[in-house]
Amino acid sequence: MAIINGTIFNDNNTVNGSPLILLPALDGGAGSDILNGNAGDDILNGGAGSDILNGNAGDDILNGGAGSDILNGNAEDDILNGGAGSDTLNGGASSDTLNGGAGSDTLNGGASSDTLNGGAGNDSLNGGAGSDILTGGAGTDSLTGGAGNDIFNFNSVSDSPAGLSRDVITDFVGNGIFAGDQIDLSTIDANSTVGGNQAFTFIGSGAFTAAGQVRYSEGILQASTDGDLSAEFEIGLRATPQLVANDIIL
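First residue of the sequence shown: 1, per the numbering used here; consecutive thereafter.
It is possible that some hints are incorrect.
As the list claims (entries may be wrong) - Quick list of simulated restraints, FRET-style, between CB atoms:
| no. | residue 1 | residue 2 | range |
| --- | --- | --- | --- |
| 1 | A39 | S186 | 14 to 24 angstroms |
| 2 | A239 | T209 | 24 to 34 angstroms |
| 3 | G196 | V244 | 40 to 50 angstroms |
| 4 | A210 | S186 | 13 to 23 angstroms |
| 5 | R238 | A179 | 17 to 27 angstroms |
| 6 | A84 | T201 | 35 to 45 angstroms |
| 7 | D228 | A102 | 26 to 36 angstroms |
| 8 | G195 | A120 | 21 to 31 angstroms |
| 9 | R238 | A57 | 31 to 41 angstroms |
| 10 | A111 | S205 | 30 to 40 angstroms |
| 11 | A210 | A93 | 15 to 25 angstroms |
| 12 | V194 | L164 | 25 to 35 angstroms |
| 13 | Q242 | I34 | 25 to 35 angstroms |
Just so you know, these hints were derived from the structure itself, not from any lab.
Every residue gets a Cβ at the ideal spot worked out from N, C-alpha and C, and that includes glycine.
The whole structure should be built from the sequences, with the hints applied where relevant.
Shown next as structure tokens:
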């Protein structure tokens, strides 16, 4: 493995991997750098500063580090880690994993079936083509699946709390069968007053009568998890699409 290091100064380097070296690790160091991978499987570390990382061909790992970075996976199955700062992650072709990290990030999956994790901050996730998995995480996130049968995944009530801080799904298309987009709530405990991970029950548009219920009305999906008959969790669905029980993984 070759390691090419930038300096601790404001280096502003352009660093290119050699096509003759397998698995090079390119380290930008401090400053705003441009790192270009080669045709192999590369590891690119931006370090401090606002960097541009281009994986090019091969299965690459791109680590933005500190600063507001641009990460381009390009071809093959890449892993893009934004790190700190407000980053832009572009997966490109093949099936990529995009992790925004801290900051308000923009994640674009591109072609194929990608996994997008916003992390902290108010993120914008765009799956693009393919059947993608989108997890906004903390913050007020905008989730766009794009083409394909996408899964919008929520792991905690705090991922999308009730009120103006809720996440918004911009293009949900559910079919009421096991095809089309789905909203995955299965890792959220539906009833916090009972031990274990309870499953939700979908009640249509009716009012809550107990903990563990999910309702949908006027473009807002709501869940009650503590028995006070008010929503602790909400998701906004733009354009008010139809929604039935099979559109939700409970």
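Worksheet item: Taking 31 to 41 angstroms as the hint, is the beta-carbon distance of R238 and A57 inside that range?
Response: holds, 37 angstroms
Worksheet entry | Beta-carbon spacing of A239 to T209 - inside the hinted bounds 24 to 34 angstroms or not | holds, 29 angstroms
Discussion item. Tell me if the beta carbons of A84 and T201 are separated by a distance inside 35 to 45 angstroms.
Written reply: holds, 40 angstroms
Worksheet item: Does the Cβ distance between A210 and S186 fall inside 13 to 23 angstroms?
Response: Holds, since A210 and S186 (Cβ atoms, about 19 angstroms apart) stay within the stated range.
Item to complete: Starting from the hint 30 to 40 angstroms, judge whether the C-beta atoms of A111 and S205 obey it.
Response: Check passed, 37 angstroms falls within 30 to 40 angstroms.
Worksheet item: Is the hinted range of 15 to 25 angstroms satisfied by the C-beta distance from A210 to A93?
Response: violated, 47 angstroms
Item to complete: Could you see if the CB distance from A39 to S186 stays within 14 to 24 angstroms?
Response: violated, 40 angstroms
Worksheet item: Does the Cβ pair R238, A179 satisfy 17 to 27 angstroms?
Response: holds, 21 angstroms
Discussion item. Does the beta carbon distance between V194 and L164 stay inside 25 to 35 angstroms, or does it fall outside?
Written reply: For L164 against V194, whose Cβ atoms are near 30 angstroms apart, the range 25 to 35 angstroms holds.
Worksheet item: Would you say the C-beta atoms of Q242 and I34 sit inside 25 to 35 angstroms of each other?
Response: For Q242 and I34 the Cβ distance comes to about 47 angstroms; the hint is violated.
Discussion item. 40 to 50 angstroms was suggested as the range; check whether the CB atoms of G196 and V244 agree with it.
Written reply: The hint (40 to 50 angstroms, Cβ to Cβ) is violated, given that G196 and V244 are roughly 27 angstroms apart.
Worksheet item: Between G195 and A120, is the Cβ distance one that fits in 21 to 31 angstroms?
Response: holds, 29 angstroms
This entry does not satisfy hints 1, 3, 11, 13, going by the numbered hints stated previously.
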